[in-house]
Amino acid sequence: MKHRYLPMTEQDKKEMLETIGVESIDDLFADIPEKVRFKGLYNIKEAVSESELLKELQELADKNTNTEKAVSFLGAGVYNHYKPAIVDHVISRSEFYTAYTPYQPEISQGELQAIFEFQTMIAELTGLDLANSSMYDGGTALAEAGMLAAGSTRRKKLLISEAIHPEYREVVKTYAYGQSIEVVDIPIKDGVTDIEALQGLIDEQTAAVMVQYPNFFGQIEDIKKIGELAHEAKGLFIVSANPLALGILTPPGKLGADITVGDVQPFGIPESFGGPHCGYFATTSKLMRKVPGRLVGQTVDQDGRRGFVLTLQAREQHIRREKATSNICSNQALLALAASVAMTALGKRGIQEMAKQNIIKTRYAKNAFEKAGFTVPFQGAHFNEIVVKVNKPVSEINQKLLEKGIIGGYDLGRDYPQLENHVLIAVTELRTKEEIDQLVQEMGAYNA
Amino acid sequence: MHNGNQPLIFELSKEGRIGYSLPELDVPEVELSELIPEEYLRKEPAELPEVSELDIMRHYTALSRRNHGVDSGFYPLGSCTMKYNPKINEEVARFSGFANIHPLQDESTVQGAMELMYELQTALKEITGMDEVTLQPAAGAHGEWTALMMIRAYHEANGEGHRNKVIVPDSAHGTNPASAAVAGFEIVTVKSDENGLVDLEDLRRVVGNDTAALMLTNPNTLGLFEEHIVEIAEIVHSVGGKVYYDGANLNAVMSKARPGDMGFDCVHLNLHKTFTGPHGGGGPGSGPVGVKKDLIPFLPKPVLVKKEDGTFHFDYDRPQSIGRVKPFYGNFGINVRAYAYIRSMGPEGLKLVTEYAVLNANYMMRRLAPYYDLPYDRHCKHEFVLSGRRQKKLGVRTLDIAKRLLDFGYHPPTIYFPLIVEEGMMIEPTETESKETLDAFCDALIQIAKEAEENPSIVQEAPHTTVVSRLDETLAARRPVLRYQKQ
Numbered sequence: 001m002k003h004r005y006l007p008m009t010e011q012d013k014k015e016m017l018e019t020i021g022v023e024s025i026d027d028l029f030a031d032i033p034e035k036v037r038f039k040g041l042y043n044i045k046e047a048v049s050e051s052e053l054l055k056e057l058q059e060l061a062d063k064n065t066n067t068e069k070a071v072s073f074l075g076a077g078v079y080n081h082y083k084p085a086i087v088d089h090v091i092s093r094s095e096f097y098t099a100y101t102p103y104q105p106e107i108s109q110g111e112l113q114a115i116f117e118f119q120t121m122i123a124e125l126t127g128l129d130l131a132n133s134s135m136y137d138g139g140t141a142l143a144e145a146g147m148l149a150a151g152s153t154r155r156k157k158l159l160i161s162e163a164i165h166p167e168y169r170e171v172v173k174t175y176a177y178g179q180s181i182e183v184v185d186i187p188i189k190d191g192v193t194d195i196e197a198l199q200g201l202i203d204e205q206t207a208a209v210m211v212q213y214p215n216f217f218g219q220i221e222d223i224k225k226i227g228e229l230a231h232e233a234k235g236l237f238i239v240s241a242n243p244l245a246l247g248i249l250t251p252p253g254k255l256g257a258d259i260t261v262g263d264v265q266p267f268g269i270p271e272s273f274g275g276p277h278c279g280y281f282a283t284t285s286k287l288m289r290k291v292p293g294r295l296v297g298q299t300v301d302q303d304g305r306r307g308f309v310l311t312l313q314a315r316e317q318h319i320r321r322e323k324a325t326s327n328i329c330s331n332q333a334l335l336a337l338a339a340s341v342a343m344t345a346l347g348k349r350g351i352q353e354m355a356k357q358n359i360i361k362t363r364y365a366k367n368a369f370e371k372a373g374f375t376v377p378f379q380g381a382h383f384n385e386i387v388v389k390v391n392k393p394v395s396e397i398n399q400k401l402l403e404k405g406i407i408g409g410y411d412l413g414r415d416y417p418q419l420e421n422h423v424l425i426a427v428t429e430l431r432t433k434e435e436i437d438q439l440v441q442e443m444g445a446y447n448a
Numbered sequence: 001m002h003n004g005n006q007p008l009i010f011e012l013s014k015e016g017r018i019g020y021s022l023p024e025l026d027v028p029e030v031e032l033s034e035l036i037p038e039e040y041l042r043k044e045p046a047e048l049p050e051v052s053e054l055d056i057m058r059h060y061t062a063l064s065r066r067n068h069g070v071d072s073g074f075y076p077l078g079s080c081t082m083k084y085n086p087k088i089n090e091e092v093a094r095f096s097g098f099a100n101i102h103p104l105q106d107e108s109t110v111q112g113a114m115e116l117m118y119e120l121q122t123a124l125k126e127i128t129g130m131d132e133v134t135l136q137p138a139a140g141a142h143g144e145w146t147a148l149m150m151i152r153a154y155h156e157a158n159g160e161g162h163r164n165k166v167i168v169p170d171s172a173h174g175t176n177p178a179s180a181a182v183a184g185f186e187i188v189t190v191k192s193d194e195n196g197l198v199d200l201e202d203l204r205r206v207v208g209n210d211t212a213a214l215m216l217t218n219p220n221t222l223g224l225f226e227e228h229i230v231e232i233a234e235i236v237h238s239v240g241g242k243v244y245y246d247g248a249n250l251n252a253v254m255s256k257a258r259p260g261d262m263g264f265d266c267v268h269l270n271l272h273k274t275f276t277g278p279h280g281g282g283g284p285g286s287g288p289v290g291v292k293k294d295l296i297p298f299l300p301k302p303v304l305v306k307k308e309d310g311t312f313h314f315d316y317d318r319p320q321s322i323g324r325v326k327p328f329y330g331n332f333g334i335n336v337r338a339y340a341y342i343r344s345m346g347p348e349g350l351k352l353v354t355e356y357a358v359l360n361a362n363y364m365m366r367r368l369a370p371y372y373d374l375p376y377d378r379h380c381k382h383e384f385v386l387s388g389r390r391q392k393k394l395g396v397r398t399l400d401i402a403k404r405l406l407d408f409g410y411h412p413p414t415i416y417f418p419l420i421v422e423e424g425m426m427i428e429p430t431e432t433e434s435k436e437t438l439d440a441f442c443d444a445l446i447q448i449a450k451e452a453e454e455n456p457s458i459v460q461e462a463p464h465t466t467v468v469s470r471l472d473e474t475l476a477a478r479r480p481v482l483r484y485q486k487q
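Note that the protein sequences, when read in sequence, are chains A and B. Per full-length UniProt numbering, residue 1 is the first one in the first sequence, and the count goes up by one each step. Per full-length UniProt numbering, residue 1 is the first one in the second sequence, and the count goes up by one each step.
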């Protein structure tokens, strides 16, 4: 078999075997015990040519309803946003995407500088001192924040708001179980964290209080108050934040957050069926040496030129092994680059403009739903999501919407029994007035 | 490579420039102060750059020219499997039906994506010899931790929650002990013997009724096949422990020995290594986990199943599951690329991948053995480890040799790893490199060995041709500057 990815020729093989001093390639595998040796070929599909592959995978892709063709009002942590065309062009430069982690700084200055810029942008947006080079996603970033808090406070309890993304909460619980950390849910009231309930739960064993900003229902909570409660109990305050919203909202760092995490998917990263996205992790200088993952720092070379290196590596698994602050190694570097490009394209003005459009269009949708007779139960300030009460199962309504080429909102009854027949509608800058009107009209028709 | 300093994007910023294009607001404008409480409206805008689109493209193009990837040149970074990243994979992952689908869409609207995932799982089961596979873990270390959490749940379900020790060889990847610690285990190290393999006597001594698992890479990080693998698995199983396969080195054994047949109970793979998901400068990866039957109940939620009517479904009703390890279903975009690779190679192709990777490594090892110490002199698998101790006596460290290689346009090998080799250099050529490339790289290393004898300063002061010279890492750590601050 000849293959375009395999340059070996018969002549090469012959010369190489001679140099090694063996008769055949099989001789190089003689150390595999007969008993466990695999004979023959894998029982997998035969290879296809490039054109056949394109056709086969295009057929699979075509079976899916994509958010370019359908009009999507589905958010719940993953959003259909404007993606500057330039993003894909930058991350398609193979000097970036075919490189490994920048272990050799002299030939990795491009990647290192790009990460340094990413760290700066995240620190700016969150209002915190520093940020790392990325985490797998917002959910695992939140879990790592909880582990850091427990380690740093030497306490074993995390209080987590039920207004945090349900899947994020599940991830936190899985990580916490491994570390024998207790996770206690803080109930919600009127679509925000129930502060009275929190006051009852918080105690001297609380390592951290964790909230989402804007929360899972799109609501902008009084997180400052929650932070104060966390600090009174000498626990840390962890905020999971949509970084796009931070273009307009007061940054968590200015509201008492010790750690802010989240996912930069809104910045130029496609929905991609839930991954790869890209988590971020920002914190204070005080916690710098406990941060998980890679950090890029500025330094100078022997001739005094500015350069960048991976730094504070004594925190990391390849140096500290079981004493490392985290086991993370590969992160989401290429998507941190994508987000950097998108943040750069948006820039100081664009991010405000885009965030603002999300708020105003969502407000328009809220008014339209209310005008059409729907109840919007949570009336607090919102970002780009609202909760709408419907009279029928959300899945039924969404099925009808799909027939009209609309992907409906998220069925909150899946995670919140008290919110059965409630749907979470996301409205980004990409949704037009016409599309919003159509959504309200179609939903109204089925809801009757 | 591009020479000269490249300013930070913030230093290129000029007030009033923009690089975006947003639609005009088509609904009535509302003052934000009417919608958001005063305290929550940002007072100081975030200092993001103000640049035009061309400024952005030039900036990142300049940065890319200060970066070395597999497409730039040979990248024999041991343990990382820096093979060619096929371009067709990049194309298919960008199909709108893959890139632009939301994870919470109704299952009926994403059957094609679920079918691809199912087909990939099926192929990985066959390749690893496991009974079930989850695609959820985002990277290798995440996969390690996921599998260890499952082992923990398995022991607890059997009333053996006291099993709190994970055994790790002294040659193991750093993620192994770190992942075990995150999963709540204590680490016990087992020594390597004089042949570079797990010391069976030491293993017998450290196992016991508190053993939860042994984590093993095979071939190990020296590139050597653990030929006593059957016995090793028996020793661990005999005390009730599980045996874990670190799949970082799977490229060495495809179609030759499957983890499931060697006695392993679970395995993680690095799809960004063996199956060509690009490394992306440090991710995203994808770290699926395969398990044998008795670990299936503990798989993370949700589990992808094929129903009798041929449709695909995410099953959340898994009472013994360890729970969720990641929002949604894993790094789908990387899984698409890995699937495209497996379909491109087929059974025969994957066999050749391993054969040529191993042939290439052995060839290089023999060419270099006269010039560098070879601490373990036997056939290697996909990689091998040289020692620079001979050169060290001449005052030339392995770090210097690595830096000198930069002048020849190569990415150096992994250095100072595994920890058990003095001045180690771990070289993994992969199967996608031609003999000419291997020869040219060997020639460079041989020349450097000569330079170490005749003109050591040229090696000690390397690199001479890169955009920066050696960087002051001590300064970076002592006075950390982790972000740009406006002057």
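Careful, some of the hints might be misleading.
As the list claims (entries may be wrong) - Okay, derived cross-link-like pairs now, DSSO-like style, lysine-lysine, Cα gap no bigger than 30 Å in a straight line:
id, chain 1, residue 1, chain 2, residue 2
1, A, LYS234, A, LYS371
2, B, LYS306, A, LYS45
3, A, LYS39, B, LYS293
4, A, LYS69, A, LYS323
No lab work stands behind these hints, which were simulated from the structure alone. Keep in mind that this is a model prediction, so the values were computed, not measured.
Results for each hint:
no.: 1; hint: LYS234(A) with LYS371(A); in the structure: violated, 46 Å
no.: 2; hint: LYS306(B) with LYS45(A); in the structure: holds, 18 Å
no.: 3; hint: LYS39(A) with LYS293(B); in the structure: holds, 23 Å
no.: 4; hint: LYS69(A) with LYS323(A); in the structure: violated, 49 Å
The structure does not agree with the numbered hints 1, 4 stated previously, though it agrees with the rest.
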